[in-house]
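Undergrad: Listed in order, the protein sequences are those of chains Y and D.
Numbering follows UniProt numbering, with no gaps: position 109 of the first sequence is 109.
Numbering follows UniProt numbering, with no gaps: position 231 of the second sequence is 231.
Don't read these hints as lab results, they were simulated from the structure.
Hints should not be assumed to be uniformly reliable.
[Unchecked claim] Below, computed lysine-lysine pairings styled on DSBU-like, alpha-carbon distance capped at 30 Å:
#1 K27/Y x K27/D
#2 K56/Y x K27/D
#3 K47/D x K27/Y
[What the hints assert, rightly or not] Okay, the calculated beta carbon distance ranges per label pair:
#4 P306/Y x G263/D: 35 to 45 Å
#5 D308/Y x A307/D: 20 to 30 Å
#6 T285/Y x A307/D: 28 to 38 Å
#7 Q212/Y x K47/D: 28 to 38 Å
#8 A288/Y x P114/D: 48 to 58 Å
#9 E284/Y x F105/D: 45 to 55 Å
#10 D312/D x K56/Y: 45 to 55 Å
#11 R243/D x E289/Y: 45 to 55 Å
#12 F105/Y x P197/D: 39 to 49 Å
[Said to hold, decoys possible] Examples of chain Y residues toward chain D, derived with CB under 7 Å:
#13 L67
#14 R158
#15 V215
Source: prediction; values computed, not measured.
All residues carry an ideal CB built from backbone N, CA and C; glycine is no exception.
There are 2 protein chains.
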Amino acid sequence: MNEAYVPTAGKIMLVGIGPGSVDHMTKRARDAIAEADVVIGYVTYIKLVADLLEGKEIIRKSMTEELDRAVSALEAARAGKKVALISSGDAGVYGMAGPTFEVLFQSGWTPDDPVQVEIIPGASALNSCAALVGAPLTHDFCAISLSDLLTPWPTIARRLDAVAMADFVVALYNPKSGRRTRQILEAQRLFLRHRRPDTPVAIVKSGYRRRQNIVFTTLDSMADADIGMLSTVLIGNSNTFVRHGLMVTPRGYANKYDMEEGGATREGERAGRSLSTGLLGWLETLQAEHAAGDSIETLAARHRLPADYIRDTLNEPVEAEAAASEEAEA
Amino acid sequence: MNEAYVPTAGKIMLVGIGPGSVDHMTKRARDAIAEADVVIGYVTYIKLVADLLEGKEIIRKSMTEELDRAVSALEAARAGKKVALISSGDAGVYGMAGPTFEVLFQSGWTPDDPVQVEIIPGASALNSCAALVGAPLTHDFCAISLSDLLTPWPTIARRLDAVAMADFVVALYNPKSGRRTRQILEAQRLFLRHRRPDTPVAIVKSGYRRRQNIVFTTLDSMADADIGMLSTVLIGNSNTFVRHGLMVTPRGYANKYDMEEGGATREGERAGRSLSTGLLGWLETLQAEHAAGDSIETLAARHRLPADYIRDTLNEPVEAEAAASEEAEA
Chain Y
1 MNEAYVPTAG
11 KIMLVGIGPG
21 SVDHMTKRAR
31 DAIAEADVVI
41 GYVTYIKLVA
51 DLLEGKEIIR
61 KSMTEELDRA
71 VSALEAARAG
81 KKVALISSGD
91 AGVYGMAGPT
101 FEVLFQSGWT
111 PDDPVQVEII
121 PGASALNSCA
131 ALVGAPLTHD
141 FCAISLSDLL
151 TPWPTIARRL
161 DAVAMADFVV
171 ALYNPKSGRR
181 TRQILEAQRL
191 FLRHRRPDTP
201 VAIVKSGYRR
211 RQNIVFTTLD
221 SMADADIGML
231 STVLIGNSNT
241 FVRHGLMVTP
251 RGYANKYDME
261 EGGATREGER
271 AGRSLSTGLL
281 GWLETLQAEH
291 AAGDSIETLA
301 ARHRLPADYI
311 RDTLNEPVEA
321 EAAASEEAEA
Chain D
1 MNEAYVPTAG
11 KIMLVGIGPG
21 SVDHMTKRAR
31 DAIAEADVVI
41 GYVTYIKLVA
51 DLLEGKEIIR
61 KSMTEELDRA
71 VSALEAARAG
81 KKVALISSGD
91 AGVYGMAGPT
101 FEVLFQSGWT
111 PDDPVQVEII
121 PGASALNSCA
131 ALVGAPLTHD
141 FCAISLSDLL
151 TPWPTIARRL
161 DAVAMADFVV
171 ALYNPKSGRR
181 TRQILEAQRL
191 FLRHRRPDTP
201 VAIVKSGYRR
211 RQNIVFTTLD
221 SMADADIGML
231 STVLIGNSNT
241 FVRHGLMVTP
251 RGYANKYDME
261 EGGATREGER
271 AGRSLSTGLL
281 GWLETLQAEH
291 AAGDSIETLA
301 ARHRLPADYI
311 RDTLNEPVEA
321 EAAASEEAEA
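Produce the complete structure using the sequences and hints provided.
TA: Here is the structure:
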């Protein structure tokens, strides 16, 4: 494009390219790469978008060089260039967004700087891998990285134990590598403290890429599976099931509707309203149990919640149910 | 397109449309809607993709009618139609994927059925909202829905308490509605058992849509903010900070590198290798502490991990560090 030279400020675009198939990139992600003078990224991600890189300056980096990538991006942007700093999945999920801001702030950058920063969201590995195996997420879920290159092991272990106890669906990122082989065993050990050994697990390698491979297994066999740095491990919650080769976590409709009887609403429940065991109903139950003589400690054990939380909750007045607004509820 | 009539099986495409801006839809999501004869979705999502719907049969549903949407999709697909069943964000995250499979299985459908099912991943609200406020995710995170319409409150409370204790970044979905006003207060109460009152919180309403609004606040003021059904609440972890109007969660580089001294590697640490407090280093420390006389209970309290886990870990032989493979580590 021929234009009179007009000096412009550079720009850093933190692009989440999704799982790596061009079909699964957003329009903004493609446009950002098209707009860029310089594209920086881990060599594997650069290859995934090779078709979009003609005529651009490419800076390929190795793993563990995230800070270098951010520094290179800032240097190029300060030289007036438009930089696409690419991450697989979503740039904000174990990607380049965090490290880039850390480097920018360290360099004295502020949002008033001529160099502007844009983050372009994408579907993270947990979303892409989930889409390939069915509907394992559906309900409350977590992402935990088993990489201890930057995080102490006790922090990771504490997180694994907490979410196993609280029955989340869990996606393990960076589950295993040539050097880190034991972390996945420790994760399994911690999960088995709380979960059934036959809890469904799906392992997706290279989702939406040429060497895609999907394995269904169970918690007690998880550590024996072929897992590497290109794998995402999805551990179901206590309601997750596998049927006909699809892993599905229920949303909870069975709590309200009799799914076998044409979806009739169960007694005591109402469509569009909180469950009878939702917050307000549960508070009434709690009050009644306490009034009937159950101690705080008994209630805490029964509901598996902290005693001080039970105590504070009982001391809080139960307000009249808020007037329904025009807004429908989900 | 004029073609000789060839009877084809219908198809259900579960499409995650992302935050709602056409720029942030993937190519596959757009193509799926273009391909569809019938588009089904919650009325708000139908409006977001209105430009793509010319000539198609549209079925608009209200909130809480997720099972109805899935039933309508199956009916249309059995009649030979291509159906796009749309969800905002990612169809697998509190979206239509789970409910659709539940309805399909209930109807006797299997993957061998002529009606095929495809899930098209998209960026979920937590990714989009995070992209608008900086880099709040970066490290281990969770999504929890505060809706108790299908989930008992103690289950939700237990999850909130667990992730607050284990220091996750947390995205709250369905945080508040006209009827459900107290759940956000309970969430705050549970978080304050573990987290500093000044923990950064970002509240993003209608991200990437016309009425987008972003508020930064703190944990102790979170419940006073304007929160509704179009809001996603992002609660930082104990290292998350807000600087220059951007919310950033560190990845942990400061554990390994002296960020103020040009990124020099700290003593005892090595680039590309586990931290000295990573699994193998921590196991050595644990063995040494135990050999020096610390009891299992003392170690459990010090490292804030379950005593039985400490005991099992001490009993497991520490294998020689696995031979490094060609594969680089992150």
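Undergrad: Now look at each hint and say whether the structure bears it out.
TA: How the hints compare with the structure:
1. The straight-line distance between the Cα atoms of K27/Y and K27/D is roughly 7 Å, inside the 30 Å bound, and the hint therefore holds.
2. In summary, the hint linking K56/Y to K27/D is supported, as the alpha carbons are separated by about 23 Å, within the 30 Å threshold.
3. A threshold of 30 Å between alpha carbons decides the hint, and for K47/D with K27/Y the separation of about 19 Å falls inside it, so the pair holds.
4. For the hinted restraint 35 to 45 Å between P306/Y and G263/D, the CB-CB distance of approximately 41 Å keeps it satisfied.
5. About 22 Å separates the C-beta atoms of D308/Y and A307/D, a value consistent with the hinted range of 20 to 30 Å.
6. A hinted range of 28 to 38 Å holds for the C-beta pair T285/Y and A307/D, which are about 33 Å apart.
7. Under the hint 28 to 38 Å, the C-beta atoms of Q212/Y and K47/D, about 35 Å apart, fit the expected range.
8. Taken as a hint, the range 48 to 58 Å holds for the pair A288/Y and P114/D, whose Cβ atoms sit roughly 53 Å apart.
9. Remark: the range hint 45 to 55 Å for E284/Y to F105/D is contradicted by a beta-carbon distance near 35 Å.
10. Take D312/D and K56/Y: their Cβ atoms lie about 52 Å apart, and the range 45 to 55 Å holds.
11. Range check, R243/D to E289/Y: about 47 Å between beta-carbon atoms, so the 45 to 55 Å window is met.
12. At roughly 24 Å, the beta carbons of F105/Y and P197/D sit outside the given window of 39 to 49 Å.
13. At about 6 Å, the closest approach between the beta carbon of L67/Y and any beta carbon in chain D falls short of 7 Å, and the interface hint on this residue holds.
14. The beta carbon of R158/Y comes within 5 Å of a beta carbon in chain D, closer than 7 Å, and the hint placing it at the interface holds.
15. A least Cβ separation of about 17 Å between V215/Y and chain D goes past the 7 Å threshold, and the interface hint is therefore violated.
Checked against the numbered hints listed earlier, the structure breaks hints 9, 12 and 15; every other hint is satisfied.
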